[in-house]
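Model the full assembly from the supplied sequences, consistent with the hints where possible.
In case you want the letters, here they are:
Protein chains: 2
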Amino acid sequence: MSDFKYEIIESLGILSESAKGWTKELNLISWNGREPKYDLRDWAPDKEKMGKGISLSSEELKELKRILDNQ
Amino acid sequence: MSDFKYEIIESLGILSESAKGWTKELNLISWNGREPKYDLRDWAPDKEKMGKGISLSSEELKELKRILDNQ
Chain A
2 MSDFKYEIIE
12 SLGILSESAK
22 GWTKELNLIS
32 WNGREPKYDL
42 RDWAPDKEKM
52 GKGISLSSEE
62 LKELKRILDN
72 Q
Chain B
2 MSDFKYEIIE
12 SLGILSESAK
22 GWTKELNLIS
32 WNGREPKYDL
42 RDWAPDKEKM
52 GKGISLSSEE
62 LKELKRILDN
72 Q
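Line order of the protein sequences matches chains A and B. All the letters of the first sequence, read from the start, carry residue numbers 2 to 72 under this note's numbering. All the letters of the second sequence, read from the start, carry residue numbers 2 to 72 under this note's numbering.
Hints are computed from structural coordinates only; laboratory data are not their basis. Any given hint might turn out to be false.
A pair counts as met if it fits within one copy or between any two copies, since identical chains are not told apart.
As the list claims (entries may be wrong) - Dumping the calculated DSSO-like pairs for lysine-lysine here, alpha-carbon to alpha-carbon at most 30 Å: (1) Lys6 <-> Lys48; (2) Lys38 <-> Lys66; (3) Lys48 <-> Lys21; (4) Lys50 <-> Lys21; (5) Lys38 <-> Lys48; (6) Lys38 <-> Lys50; (7) Lys38 <-> Lys21; (8) Lys53 <-> Lys38.
These figures come from a predicted structure and were not determined experimentally.
So this is what it looks like as structure tokens:
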């Protein structure tokens, strides 16, 4: 997985920032030119490295919002 | 990471289900008896396997809700 590219289409928000400057972010990202997906992930400062994350479709994001609204 | 245990404290909701029955879920999980964290992850049927996921503190979950409310 070293040869891939991505484009951050939209930065939706930052959930938190660690002492070392890593941020947990919700972005809309296109991976290898494919259709963009929502992406919840840790990033090093200036996006130099990416950490673990999870991709969400727009339907999944809607469901997540509904779940959080019901808490 | 083969020797760990977890307890699902609360199942908050299912975001989606794949054709093979894997579900993307938001749960409150205690890993190895530690303080529970929110967890967004794919699960095989009957929780037989777990996929990639991301843990969120309650503060991060609140920020995520705020971000989604502003979309």
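> Which of the numbered hints are not met once you compare them with the structure shown?
Replying inline: As far as the earlier hints go, not one is violated by this structure.
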